[in-house]
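**Q** Residues per chain, in single letters:
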Amino acid sequence: MSSDDPIESAAAGITKGIIELSSEKIKEWIRKFKDRKLAFIQDKSVIEVVKEQYASGESKFYSKYIKNKDILFLTRLGLTLRKIENDIERVTNLQQKILKKYEVRGLHISYFVQNGILNRYIGLLIEDISSEEELEEKILNILENIEKHTLFVTGQDKPERVIQSALTIVSSHNPTIFIVSGIGSASKIVKECSQKLESLMTNYELEKVSGGKKEILFFKRKVKI
Amino acid sequence: MELVSLKNVSMNSKILLLEELGYGSNGKFVLDSNGNKVLDRYLEIPVEVENMVILPGSEIVLDNNELSISKYIEEFGDVF
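First to last, the protein sequences are chains A and B. If you're matching positions, the first sequence starts at 1 in this note's numbering and goes up one per residue. If you're matching positions, the second sequence starts at 1 in this note's numbering and goes up one per residue.
Quick caveat, the hints were computed from the structure, so don't treat them as lab data. Remember, it's a predicted structure, so these values are computed and weren't measured experimentally. It is possible that some hints are incorrect.
[Claimed, not checked] Think about it this way: if two alpha-carbon atoms lie no more than 25 Å apart in a straight line, the pair counts; the simulated DSS-like pairs of lysine-lysine are: (1) B:Lys28 x A:Lys60; (2) A:Lys101 x B:Lys28; (3) A:Lys44 x B:Lys28; (4) A:Lys34 x B:Lys71.
[As the list claims (entries may be wrong)] Now the in silico label distances, taken between C-beta atoms and shown as ranges: (5) B:Asn34 x A:Asn68: 36 to 42 Å; (6) A:Ser171 x B:Lys37: 47 to 53 Å; (7) B:Asn34 x A:Gln96: 26 to 32 Å; (8) B:Ser10 x A:Ile126: 54 to 60 Å; (9) B:Ile45 x A:Gln164: 20 to 26 Å.
Ideal Cβ positions, reconstructed from N, Cα and C, are used throughout, including at glycine.
One chain only, chain A, in its complex shape (with noise of 0.2 Å):
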């Protein structure tokens, strides 16, 4: 819908000029706010994105197998990230805000959702899984100790720590998959790395992710006959 008129505008959630409101249209809005017919917003687009996440056939997986609220709910910020990941000052805002509220742990989870790290690894889960309670309780140890499972690597990371840092969480964490995950000016580094790693990590065999600003590497631990 559109108006000329910058009043029906906004009540449409459109935005156009600066507008003046009479105290008689401030009334009738807080009237309607009031009888909860109406609501204040910015623009349409952060409801719209939120909502889109929560009907989403991903999200509904999701909260299928994802008990634990936070959690379920960093995943969702997960998938918000990924439909914004284009407006760099959208995804640093809402990053930050995620920071605030669940530190760096919240984070990585939802980079995890965001860079569709959590749905490759259920992918290579399922190929071992033997019920839906196993699946359930190995996507929640992942999320919940994502670190003792995960290398983020940055930008500024050197490719020898990196290695080195692999190493260690390996060794003292065994996990049954192990992921490296470089996004951005990352992703670099980490390509730099997988073949040293490759090599080093013999117990594992090594599938890549590679594409645009992306380049994860997951290992998954040999089966011994």
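Use these hints to put chain B onto chain A, whose structure you have.
**A** Same frame as chain A, but now just chain B:
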């Protein structure tokens, strides 16, 4: 639910709107009736007039961001 955008509403009109609801402003932040900064219910950050949303449910004044809106939807349901 009718959604009214405050994005291009003048600061003066927004302050009048807040006053009708029992709030105020120092020209930057939303203030409560005691003159204290109103904090976003979920993030506990002061809400700026230029970035406020006012939603039903005991007059919830929030910062306009995806985290707070998501939390609101989880608490009050999809009222939109």
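**Q** With reference to the structure, classify each hint as holding or not holding.
**A** Hints versus structure:
1. Taking the CA atoms of Lys28 of chain B and Lys60 of chain A, the gap is about 39 Å. The hint is violated against a cut of 25 Å.
2. Our distance criterion of 25 Å between C-alpha atoms is met by Lys101 of chain A and Lys28 of chain B, whose separation comes to about 23 Å.
3. For the suggested pair Lys44 of chain A and Lys28 of chain B, the alpha carbons sit about 22 Å apart, so the restraint of at most 25 Å is met.
4. Distance restraint check for Lys34 of chain A and Lys71 of chain B: the Cα-Cα separation of roughly 21 Å lies within the 25 Å cut-off, and the hinted pair is therefore satisfied.
5. A hinted range of 36 to 42 Å for the beta carbons of Asn34 of chain B and Asn68 of chain A is consistent with their spacing of about 37 Å.
6. Between Ser171 of chain A and Lys37 of chain B the Cβ separation comes to about 49 Å, which falls inside the hinted range of 47 to 53 Å.
7. Taken as a hint, the range 26 to 32 Å holds for the pair Asn34 of chain B and Gln96 of chain A, whose Cβ atoms sit roughly 28 Å apart.
8. Taking the beta carbon of each, Ser10 of chain B and Ile126 of chain A are about 55 Å apart, inside 54 to 60 Å as hinted.
9. About 38 Å separates the C-beta atoms of Ile45 of chain B and Gln164 of chain A, a value inconsistent with the hinted range of 20 to 26 Å.
Hints 1, 9 from the list above are not met by this structure, while the remaining hints are.
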